[in-house]
Amino acid sequence: MSEMIDIYLNGDRLQVAAGMDLQQLQQQFADGQHVAIALNTEIMPRRLWADRSLQARDQVLMFNLVAGG
Amino acid sequence: MPIKLITSANHSIPASLQSPLPDQQFLYYSRQLLLPDWSEQRQLQLLQKKLLIIGLGGLGCPAATYLAGAGVGWLLLADGDKVELSNLPRQTLFRTSDIGLNKAEAAAATLQQLNPFVRIDALPQMLDEAELSRRIAWADLVLDCSDNLATKLAINRICQQQQRCWLGASASGYQGYSWLINPTSGGCLHCLGHQQPLLTGGCLQQGVYTPLVGQLGLQLASMALQQLANGRRRRSFVQIYQHHHQQFSQCQLLADPQCECCGVTADV
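Protein sequences appear in the order of chains H and L. Take any residue in the first sequence, note its place counting from 1, add 129, and you have its number in the numbering used here. Take any residue in the second sequence, note its place counting from 1, add 1462, and you have its number in the numbering used here.
One or more hints might be untrue.
Unchecked claim - Partial selection, computed: residues in chain L whose CB lies under 10 Å from chain H:
| hint | residue |
| --- | --- |
| 1 | 1633 |
| 2 | 1684 |
| 3 | 1714 |
| 4 | 1718 |
Stated by the list, open to error - Just a few of them, taken from the derived set where beta-carbon distance is under 8 Å, the chain H residues facing chain L:
| hint | residue |
| --- | --- |
| 5 | 136 |
| 6 | 137 |
| 7 | 144 |
| 8 | 145 |
| 9 | 146 |
| 10 | 147 |
| 11 | 148 |
| 12 | 167 |
| 13 | 171 |
| 14 | 175 |
| 15 | 179 |
| 16 | 185 |
| 17 | 193 |
| 18 | 195 |
| 19 | 196 |
These are computed hints drawn from the structure, not numbers from a lab. The beta carbon of each residue, even a glycine, is placed where N, CA and C say it ideally should be.
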């Protein structure tokens, strides 16, 4: 069984597999949705998602991109 | 008193807006002048600023209301849409009697009555790229209050080309966020992820939480006043609304080094 770590996703605490990156997180929680991701108050360009592995206690904001007004 | 809409020709800041602040205006802005970091000089400086607001919908109406009330000297309002019944719950500059009128013109008329001491222009049309570029170059600050991706991307592209700091917001359903983008610090709407067709749709498909556009519009007004007052170029950031927690979170917008729009200009 793989090691699990605690992170915070949109303010809610949850457990994910250690070593999970932002792209995998998006696929697990918002697959097929067009979202942006902020990791510890920095919005990460999509191109960097696969390079950013989650660490214990990371704060992640995942939000839908919209264009209305 | 009939409201005269000033056309975009023969623009200049009226001599009456030079110092000192006339008595009636001193009274009009008195509550703001009482603020510890405000002054007559600061008010006079604000009265000489030019602001372009693109879109007079749910975001643009509250933003324009408070910026006109605060005394931004010259507001240029651009919108080619007409007022519809379904707009009225959120677009607070309009009344049922405005239905069918152009939004920029109707908003300008209301705002001119709210503050007769500032100049309000209406551009009752959708701006093509060349016109948008010309208007952005004219303004001290640009507010993107539009409701569509194509306009937002055009503003992003032009402000990047002109190295102009700009503000904007987007909302749909219970989702929404505002931003300040400073081209010299890197990060742009493309870097945020707005480079592709959005999958979530707009307000027509998803509806929109009525108070959210108001909150975002007021955020834009506050950010604009701060930006116009001190001119300090902040790093690009986004304020994200979290409905579940009823709060906004501010996050720095990182530049995508390979961004096709801003990738070669970031210098911070």
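Results for each hint:
Using the Cβ-Cβ criterion of 10 Å, the hint placing residue 1633 of chain L at the interface with chain H is satisfied: the shortest such distance is roughly 5 Å. Interface hint at residue 1684 of chain L: violated, since its Cβ lies 17 Å from the closest Cβ of chain H, which is beyond the 10 Å cut-off. Against a cut-off of 10 Å between C-beta atoms, the interface hint on residue 1714 of chain L holds, since the closest Cβ of chain H lies about 5 Å away. Proximity of residue 1718 of chain L to chain H holds as hinted, the smallest CB-CB distance being about 3 Å (cut-off 10 Å).
Against a cut-off of 8 Å between C-beta atoms, the interface hint on residue 136 of chain H is violated, since the closest Cβ of chain L lies about 15 Å away. A cut of 8 Å between beta carbons decides the hint on residue 137 of chain H: the least distance to chain L is about 11 Å, and the hint is violated. For residue 144 of chain H, the interface hint is violated, the least distance from its beta-carbon to any beta-carbon of chain L being 19 Å, above 8 Å. The beta carbon of residue 145 of chain H is not positioned within 8 Å of any beta carbon in chain L (closest approach about 19 Å), and the interface hint is therefore violated.
Using the Cβ-Cβ criterion of 8 Å, the hint placing residue 146 of chain H at the interface with chain L is not satisfied: the shortest such distance is roughly 25 Å. A least Cβ separation of about 24 Å between residue 147 of chain H and chain L goes past the 8 Å threshold, and the interface hint is therefore violated. Below 8 Å, beta-carbon pairs count as interface contacts, and residue 148 of chain H has none with chain L, the closest being about 22 Å; its hint is therefore violated. For residue 167 of chain H, the interface hint holds, the least distance from its beta-carbon to any beta-carbon of chain L being 4 Å, beneath 8 Å.
Residue-level restraint check for residue 171 of chain H holds (minimum Cβ-Cβ distance to chain L is 5 Å; threshold 8 Å). With a cut of 8 Å, the hint placing residue 175 of chain H at the interface with chain L holds, because the nearest CB-to-CB distance is about 6 Å. The interface hint given for residue 179 of chain H is violated, since its Cβ lies 13 Å from the closest Cβ of chain L, which is over the 8 Å cut-off. The interface hint given for residue 185 of chain H is violated, since its Cβ lies 20 Å from the closest Cβ of chain L, which is over the 8 Å cut-off.
Given hint, residue 193 of chain H at the interface with chain L, holds; its Cβ is 5 Å from that chain's nearest Cβ, closer than 8 Å. The criterion of a C-beta within 8 Å of any C-beta in chain L is met by residue 195 of chain H, whose closest approach is roughly 4 Å, and the hint holds. Of the supplied interface hints, the one on residue 196 of chain H holds, with its beta-carbon coming within about 4 Å of a beta-carbon of chain L, less than 8 Å.
Violated hints, listed in ascending order, are 2, 5, 6, 7, 8, 9, 10, 11, 15 and 16; each of the other numbered hints is respected by the structure.
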